[in-house]
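Participant: Residue strings, one per chain:
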Amino acid sequence: MELVRAERGDEAIALLLPAFRRKVFGLAYSFLRDREAAEDVTQEVFIKVWRALPGFDGRASMSTWIYTIARNASLSALRARRPQSSLSDPEVMDAVETVDPAPSADAVVDRAALLRLVDQLPTKQRQVIMLFYMEEQSHEEVSTMLAMPVGTVKTLLHRARARLSAAAGKTSATA
Amino acid sequence: MSAPDSELDKHLRALFGGLDTGADFDARLMARLRAESQTDATERAVRARQQERARYRRAVLELQSWRRSMLRLLTLDTLGVAFLLVVAVVTAWPRLSRDVMDISRQYGPYIAMLLGILIAAVPLLGMWAEQTRRPIRLL
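Chains as they are written, first to last, in my numbering: chain A, 326 to 500; chain B, 560 to 698.
Hints in this document: simulated from the structure, not taken from any laboratory.
Please note: incorrect hints may appear among the correct ones.
Quick list of in silico lysine to any residue cross-link-like pairs, SDA-like style, CA-CA up to 20 Å [unchecked claim]:
(1) A:Lys373 <-> B:Arg572
(2) A:Lys449 <-> A:Lys373
(3) A:Lys449 <-> A:Leu403
(4) B:Lys569 <-> A:Leu446
(5) A:Lys449 <-> A:Gln462
(6) A:Lys373 <-> A:Glu336
(7) A:Lys479 <-> B:Arg572
(8) A:Lys479 <-> B:Leu567
(9) A:Lys449 <-> B:Leu567
(10) A:Lys373 <-> B:Ala600
(11) A:Lys479 <-> A:Ala438
(12) A:Lys479 <-> B:Lys569
All of these numbers come straight from a predicted model, not from anything done at the bench.
Take the sequences, apply the hints, and build the full model.
Facilitator: Now the structure itself:
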């Protein structure tokens, strides 16, 4: 394996970063709902990976191992941080809106409304929705990231979509 | 999937599809890793210094042990030499003058014993100096 042959840890991290940076960040973000905190956790995760890489025995796959570290780090950060921020907080809105360099006014309103709806979903549904649409709709990847069966991911996704559709319908009806 | 769901998919993809870290994330991470590497190197250096100190202490103890055993050997050696000297003096004494013979008859054993004690005392003094951590000038 290329990573095992990479004697220097920072070289191994340079190989891992392109493959896992967004995924780890997305996973942390799905827990923390705060861009800055998610970036901090992502950094911590890669530093932990860098430290633990010499002892990685390959019993679990690299992605499973990294996601486990990321989940634990996110949960620790979540426990340490109170009160929780919300996806519909102005700061979070700004962070998510930076994804699109020049959104139209309507798009911003739609996004704000959609973010609020996503924010109101139960935690697991919200996480699945975020990771699923972030990770180019791979059920398997989301199931690995959240350590839950693919079937559960599909069920949660279906329920979240149904809720969002219903809520979006209500919102447009009242508008 | 119905048409509104497809629209929802489109919106959600637009919302979360481009979610990523800041542009300088990799550079910041690599800088932190370099800093951590330096910290590790410092810790390694401290550990190496501690190990070297422990090795030095062990070597000093071994040397002290060797010096003590040498002193013990010297003490036995000196006692042997002193005994031989006494025997030699006692044996040679009859060939010396009668006056000396007379004196020796009276004081000879005492003189020989004193001489032997003096010769034997030198390494014993060395051992005593070693035990009291005084500098040893005999070796």
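Participant: Each hint should be assessed against the structure and marked as holding or not.
Facilitator: Against the structure, the hints come out as follows:
1. For the hint pairing Lys373 (chain A) with Arg572 (chain B), the CA-to-CA distance comes to about 30 Å; that exceeds 20 Å, so the pair is violated.
2. Our distance criterion of 20 Å between C-alpha atoms is broken by Lys449 (chain A) and Lys373 (chain A), whose separation comes to about 25 Å.
3. With a C-alpha separation of about 15 Å, the suggested pair Lys449 (chain A) and Leu403 (chain A) falls inside the 20 Å cut-off, and the hint holds.
4. Among the hinted pairs, Lys569 (chain B) with Leu446 (chain A) is consistent with the structure: their alpha-carbon atoms are about 18 Å apart, no more than 20 Å.
5. Using a Cα cut-off of 20 Å, the hinted pair Lys449 (chain A) and Gln462 (chain A) holds, with the two alpha carbons roughly 16 Å apart.
6. A C-alpha spacing of about 15 Å is found between Lys373 (chain A) and Glu336 (chain A), which places the hinted pair at or below 20 Å, so the restraint holds.
7. Distance restraint check for Lys479 (chain A) and Arg572 (chain B): the Cα-Cα separation of roughly 17 Å lies within the 20 Å cut-off, and the hinted pair is therefore satisfied.
8. At most 20 Å may separate the alpha-carbon atoms for a hinted pair to count; Lys479 (chain A) and Leu567 (chain B) meet this at roughly 16 Å.
9. A hinted pair counts as satisfied when its Cα atoms are at most 20 Å apart, and Lys449 (chain A) with Leu567 (chain B) qualifies at roughly 19 Å.
10. This hinted pair checks out: Lys373 (chain A) and Ala600 (chain B) have alpha carbons roughly 17 Å apart, not beyond 20 Å.
11. At most 20 Å may separate the alpha-carbon atoms for a hinted pair to count; Lys479 (chain A) and Ala438 (chain A) exceed this at roughly 24 Å.
12. Simply put, Lys479 (chain A) and Lys569 (chain B) have alpha-carbon atoms about 18 Å apart, close enough for the 20 Å limit, and the pair holds.
The structure is inconsistent with the numbered hints 1, 2, 11, although it conforms to all the rest.
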